[in-house]
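Visitor: Chains as they are written, first to last, in my numbering: chain A, 180 to 533; chain B, 180 to 533; chain C, 180 to 533; chain D, 180 to 533.
I should point out that these hints are in silico values taken from the structure, not numbers from a laboratory. Among these hints, one or two may not hold up.
The list cannot tell twin chains apart, which means a pair is met if one copy fits it or any two copies do.
Taking lysine-lysine pairs in the BS3-like style, the calculated list, with each CA pair at most 25 angstroms apart, reads [to be verified]:
hint, residue 1, residue 2
1, Lys392, Lys343
2, Lys430, Lys343
3, Lys374, Lys498
4, Lys254, Lys374
5, Lys374, Lys488
6, Lys278, Lys254
7, Lys435, Lys343
8, Lys254, Lys488
9, Lys392, Lys532
10, Lys532, Lys325
11, Lys442, Lys494
12, Lys392, Lys494
13, Lys442, Lys239
14, Lys278, Lys442
15, Lys498, Lys254
16, Lys254, Lys325
17, Lys378, Lys442
18, Lys498, Lys239
19, Lys532, Lys278
Protein chains: 4
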Amino acid sequence: MAGNSFGNLFKVTTFGESHGEALGGVIDGCPAGVEIDLEAVQRDLDRRKPGQSAIVTQRKEPDEVRFLSGIFEGKTTGTSIGFMIENTNQKSHDYSHIKDSYRPSHADYVYDQKYGFRDYRGGGRSSARETACRVVAGAIAKQVLKDIQFQAYVSSVGAIELNKSYEDLHLEVAETNIVRCPDAQKASEMETYIKQIRKEGDTVGGIVSCVIKNVPVGLGEPVFDRLHAELGKAMLSINAVKGFEYGSGFKGSKMKGSDHNDKFNTDGTTQTNFSGGIQGGISNGMDIYFNVAFKPVATLIQEYETIDKEGNIVKMQGKGRHDPCVVPRAVPIVEAMAALVLADYYLLNRASKL
Amino acid sequence: MAGNSFGNLFKVTTFGESHGEALGGVIDGCPAGVEIDLEAVQRDLDRRKPGQSAIVTQRKEPDEVRFLSGIFEGKTTGTSIGFMIENTNQKSHDYSHIKDSYRPSHADYVYDQKYGFRDYRGGGRSSARETACRVVAGAIAKQVLKDIQFQAYVSSVGAIELNKSYEDLHLEVAETNIVRCPDAQKASEMETYIKQIRKEGDTVGGIVSCVIKNVPVGLGEPVFDRLHAELGKAMLSINAVKGFEYGSGFKGSKMKGSDHNDKFNTDGTTQTNFSGGIQGGISNGMDIYFNVAFKPVATLIQEYETIDKEGNIVKMQGKGRHDPCVVPRAVPIVEAMAALVLADYYLLNRASKL
Amino acid sequence: MAGNSFGNLFKVTTFGESHGEALGGVIDGCPAGVEIDLEAVQRDLDRRKPGQSAIVTQRKEPDEVRFLSGIFEGKTTGTSIGFMIENTNQKSHDYSHIKDSYRPSHADYVYDQKYGFRDYRGGGRSSARETACRVVAGAIAKQVLKDIQFQAYVSSVGAIELNKSYEDLHLEVAETNIVRCPDAQKASEMETYIKQIRKEGDTVGGIVSCVIKNVPVGLGEPVFDRLHAELGKAMLSINAVKGFEYGSGFKGSKMKGSDHNDKFNTDGTTQTNFSGGIQGGISNGMDIYFNVAFKPVATLIQEYETIDKEGNIVKMQGKGRHDPCVVPRAVPIVEAMAALVLADYYLLNRASKL
Amino acid sequence: MAGNSFGNLFKVTTFGESHGEALGGVIDGCPAGVEIDLEAVQRDLDRRKPGQSAIVTQRKEPDEVRFLSGIFEGKTTGTSIGFMIENTNQKSHDYSHIKDSYRPSHADYVYDQKYGFRDYRGGGRSSARETACRVVAGAIAKQVLKDIQFQAYVSSVGAIELNKSYEDLHLEVAETNIVRCPDAQKASEMETYIKQIRKEGDTVGGIVSCVIKNVPVGLGEPVFDRLHAELGKAMLSINAVKGFEYGSGFKGSKMKGSDHNDKFNTDGTTQTNFSGGIQGGISNGMDIYFNVAFKPVATLIQEYETIDKEGNIVKMQGKGRHDPCVVPRAVPIVEAMAALVLADYYLLNRASKL
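Using the sequences and the hints, build the whole thing.
Guide: Put into structure tokens, the structure is as follows:
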């Protein structure tokens, strides 16, 4: 309810503001005896961190995670795992321009309305900086589910899109370029476009796609907690996300049943996979795949007019080091949230039969 | 966890199979003192029920709800509200063809895999018949939130689409035709198309759109329980849904920030509403609007090949009285789920302040 | 939150008022494939029902349960189990005396304060009649846990007490007398005393003890969801309960550690069992045992003074057919709640391991 | 489920082992705008900390709490509050004697059985050291509920007991002596007794009582989440607790209804308070009071025999700096858990009426 927890049996609860002392969280329900590769956790954090390439924000944050409990002699103990990431880049900025004004399409206005006031430093809790904690928890979840592969990638930036099924792509290419797009040619176009957008002081949206392979049959809890419903919630909870579709998605709504039905092979697999690996809310063993739409970042490096607390029109000047396009850094966040969902449902499924 | 509950403070838990004795549920957390209009509940059920028009399944189910507790002298008591809908149309069908075989793109296979066996009569729990209970609970939620208006409508059937913003439509037209499309001309085309599809023994998908007006500012619980994340989960939990987008949605991912940002008016409203009434996961008082993509119904009235439990290829013949397109009947379900989400968040928001 | 659910993975949600149309509930999370003995469920209901003997209320309610879903071909399907018990004894009583007045030590006053009004017929939702639904759900839980034995019994009525450890009693004697006390001599004394109390129009409290045998090691979820903490909550949630102790209980607080520590045998069992089968909140395989204190029923068959809604002093006359002492009928309720807790933790423990 | 969270709307999730890097937690759902007195938090921690007097463990831990988020400009922001307490006393002990052996009446054996292995350093997660985090969260809860007073005190140590109602005591005396007993004479006897017990290398149990004054009417969520049921769970979740009773408690089970019923005054208060401030699971505005029984600490400073992992009998020698009796240090923990329950139910109650 208090909305800073995600999951049930495998649950993460997070805290931390953009410019507070530290971010962190508690992973509860991680099974005992899982050997933890701390470097793999840090690698996922590094894929998300600012300053990693020429097309993301140039803020410098090392984003080093420190585990405080729940791991002993290299293995999870079955008790809660506390972790934290110190904020090392808390410059004594002058925030007076943000303090009393509301930036368009940010959460400034609604936070003030809901809570009566807000931590205005860098967006406070509404900053996407909190997603670093999701990446930590997701990296642990991946290690719990070591036979399942999660791979997200950028499939569109503005109007530049892949227009290919994941099966026709070389997904391993994604991590070889700074856009995280599995098509080298498109990646190059996207990179050029993002740089141009940044020069304009503008931003642009994009789509992250994700494929999950080797999922066991049976994950998902009808009727409300269908596997794709929770995946959808997970993705929509990420900052800047506007849409989610899985399998045939919105295109599937244009199709006829005779084209859309996935015929069975004799081993229970299917010849096509419009279902996206999920039928009736339960995984069927085929690949799960889905798309996540991100809006353009709201912070522009331009002068613009907005209102202050009293409703006066004021001029503001976007400044600082912001992402012109979030999707390259969103890739590990999408994977992390997917891993959190799958870990939870993997454990839940153990309770469905005696 | 056990997946048959939805909501936290305003919570519904449902039960019932397609061809069992009855469906029903418990609404827990409904505030005391709400005057309940039972006829309004039945009206929403009638909008969902089979047999209501020439373009939906011709099964006959009266779908009359009986309230068993929690309402006294016309008002909610604050204690749990039990309700049930008897299944009156449980024909002693011959289900032997379904019993041992797996229909493509149905839940037959995964239920058998997850639970070890299944109630094969009419799809059992995986049947969309369970959504009748959602409509009951949603109709109560609407009465709790009597100042908020929920209106869903059909915006596409197959390739026939409205291509108009809800602001340019006469939404009140939707309930004047059997497709529930607010554009009379398009409705007529859709109706013709659905009838043709049915003649072919085929089915087709579509999109339901929904607008929520008069939402108070402040609903939504960052960071994981953003208002739109829970709306997305709610919609994705409905049978046959493949995608969800709100505000600018997938189109927003193609836009630049300078076009997408919603500039403030001096009263805190915004000049555009690409945000879809939600910023940072919290309602901002503008209209909330979203789209829900439904796949084509998997049951075709055609002969086809599939597999049985042992993996043998068998011939099946779809029969019975099925919907050629679910979206006309899905309209009240989308509204119901939206009302459940809003009621829950309305109470959460009340409870979160001193 | 909304307080009519109990449990997490094995969860029951109940509804129903004393004199409404029906009581019932939904059992969610029951694993698939459990063969259900419906007669065993009814037997537990019969142990709780009114009119069963000369020392309980003489109301006549058959308390027949009707299952509506979730059981198919004699086995649980893994989907939610709906059930209901019709209220057949809803006499058109005259409740005007209760309607506007507050009976001492009943919930009348607080319900009016909390909810603004109340269903005053027979106590409405605050009546112990709701415990019938607990017994139904508990009887299903017992069948899930078929290797674990639950036996509750009456260990004191007023000042008449057993003063014996359960190990020195013949527990099977309990169900051979109407008091449900495993010592025939004490049972006879208790019966005589209860009859005398009833003649006086008075009531008396008592204690129900419970033993759970054959519990697997490992049930319990530190640190907050210790097994005995949830057992305590379960028992304290039963109407009229004032206290709970397990193992050495309150007497243990008088002891020295050198006497209280349970020395290990070489097989991991312990030589004594002051721990009550639970260490650190986790079952250790020894018998779990605990005591539950019930206050005297508040409804007296006497004239007394109380206040009405406006705060005027009014005379009331207790009437009707009430229990002079609840403990004989509480025995199956205590077992049911214990079974619900154990079923939930059994599933949690399964789900918490890789 | 994962058992390291407590509460729903006001929720705390904790982590940390006795000898790990740090303990800490996340408080989620704390309403915005509460001015936080950090010194008051530290004062409660100091009441719990080791080394505070001659009758508690002489370990030295400063137990200084560091808040990491959720408090801005001295007030809560409505977002999650992260906090941590560094473990400064992690001596490089030799734990080889504990590592492979099971101390009687500790959690060593069950942790190994449940999780496959354990952090054996100082009890790991099963150590009462985790209660420091409860005290932090409870101290915040007290500040949310600033009109409600929580006072716990020691009412018995071994056989030395107060035998007085809280109304006949000067509760303010409790914090003037190191036992935290509100009767100076009894406190002196208890202190002498505890010192003697410690000299013997033994330990002794005791009882903590608690009074909550100025509770608003209406807190509590029937039927399962009765206010006293959650209070009971909260108390039973504290290390070493064996029993809980409220109001008339176990003594109430010996009484007649005619003596036990609390007659109303014309203002809705009652002339007696056997109900303990709660009727039907809902607070009635009278004082809430209850008793919590603690067993004697299991760690004795004596030589004893036990078993190792292979079931061999081994000799162990209790050593270190342990509490001879936990109740003096348990007083702030009982208050903290009570405050957590009340804060949660206070917020929940806001959702029960429109």
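Visitor: For every hint, state whether the structure bears it out.
Guide: Here is what the structure says about each hint:
Only within a single protomer do Lys392 and Lys343 lie at most 25 angstroms apart by alpha-carbon distance; the minimum there is 18 angstroms, versus 38 angstroms between protomers. When the C-alpha separation of Lys430 and Lys343 is checked against a cutoff of 25 angstroms, the pair qualifies both within a copy, at 13 angstroms, and between copies, at 18 angstroms. Taking identical chains as interchangeable, the C-alpha atoms of Lys374 and Lys498 lie at most 25 angstroms apart only when both belong to the same chain, with a minimum of 17 angstroms there against 57 angstroms between chains. In this homomeric assembly, Lys254 and Lys374 never come within 25 angstroms of each other (Cα to Cα): the closest approach is 43 angstroms inside a single copy and 41 angstroms across copies.
In this assembly of identical chains, the alpha carbons of Lys374 and Lys488 never lie at most 25 angstroms apart, being 34 angstroms within a copy and 55 angstroms across copies at closest. In this assembly of identical chains, Lys278 and Lys254 lie within 25 angstroms of each other by CA distance solely across copies; the values are 16 angstroms between and 45 angstroms within a copy. For the identical chains of this complex, Lys435 and Lys343 are neighbours both inside a copy (21 angstroms) and across copies (23 angstroms), given an alpha-carbon limit of 25 angstroms. In this assembly of identical chains, the alpha carbons of Lys254 and Lys488 lie at most 25 angstroms apart only when taken from different copies (19 angstroms versus 51 angstroms within one copy).
For the homomeric pair Lys392 and Lys532, the shortest alpha-carbon distances inside one copy (24 angstroms) and between copies (22 angstroms) are both at most 25 angstroms. In this homomeric assembly, Lys532 and Lys325 come within 25 angstroms of each other (Cα to Cα) both inside a single copy, at 22 angstroms, and across copies, at 14 angstroms. For a Cα distance limit of 25 angstroms, the shortest separation of Lys442 from Lys494 across copies, 12 angstroms, qualifies, whereas the shortest one inside one copy, 59 angstroms, does not. When the C-alpha separation of Lys392 and Lys494 is checked against a cutoff of 25 angstroms, the pair qualifies neither within a copy, at 50 angstroms, nor between copies, at 31 angstroms.
In this homomeric assembly, Lys442 and Lys239 never come within 25 angstroms of each other (Cα to Cα): the closest approach is 51 angstroms inside a single copy and 30 angstroms across copies. Taking identical chains as interchangeable, the C-alpha atoms of Lys278 and Lys442 lie at most 25 angstroms apart only when they sit on different chains, with a minimum of 18 angstroms there against 58 angstroms within one chain. Neither within a single protomer nor between protomers do Lys498 and Lys254 lie at most 25 angstroms apart by alpha-carbon distance, with minima of 44 angstroms and 28 angstroms respectively. Proximity of Lys254 to Lys325 under the C-alpha cut-off of 25 angstroms is restricted to the intra-copy arrangement: shortest distance 14 angstroms within a copy versus 34 angstroms between copies.
Taking the closest pair of Cα atoms, Lys378 and Lys442 come within 25 angstroms of each other only across two copies (22 angstroms); inside a single copy the shortest separation is 50 angstroms, beyond that limit. Taking CA atoms no more than 25 angstroms apart as the test, Lys498 paired with Lys239 passes inside one copy only; the shortest distance there is 16 angstroms, against 49 angstroms between copies. Taking the shortest Cα distances, Lys532 and Lys278 sit within 25 angstroms of each other only across copies (20 angstroms), while inside one copy they are farther apart (53 angstroms).
Against the hints set out earlier in the document, violations occur for numbers 4, 5, 12, 13 and 15.
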